[in-house]
Amino acid sequence: MRSPCATDLPVDGPADAAFEAALGVVQNTKNLDLLAVHREGRRLIAYEKPKLTSARIHMVVVHDGEPTVVTHAVGNDPRTSAALLDGRFNRKAAQQFLEAVVAALDGSRPAPVTPVENHYVQKDERVPWTDPEQEPDIELGFSWRTAFG
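The sequence shown begins at 4 in my numbering and counts up one residue at a time.
It is worth saying that the hints were derived from the structure and are not from the lab. Incorrect hints may appear among the rest.
[To be verified] Here are the simulated PhoX-like cross-link-like pairs (lysine-lysine), alpha carbons at most 20 Å apart as the crow flies:
id, residue 1, residue 2
1, Lys33, Lys54
2, Lys126, Lys95
3, Lys52, Lys126
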């Protein structure tokens, strides 16, 4: 990813509810496509195609604990050309995504979830994602593990 922006958001409530909120935001946002999801591992990767800026990749991992922590990273698709304001636009995209997750959690802006099985997309086909600790082979030229350590 280019010009990454990573944010940890502590939220009240169970980790499963926070993950469902993040998944609902991805599924209900017009320009976000789900590339990979592992419900039990609480991980997802989405591809955003904004109208006026470079394409972005969103990665979300929800961690158990007190409080539950939603880790979100966003960066530009490495296959696109670099722009001077990529970092600023990525910070804004991260803020908007996390605000939508909080709104979905508190019910002020519901994001209903459509049931989906654990999978990742490879060459326009869904491949089962069985182990959340193993990186999905999405073929976008980045490693999502580097964003989360």
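request  = Of all the hints given earlier, name the ones this structure violates by number, lowest first.
outcome  = The structure breaks only hint 2.
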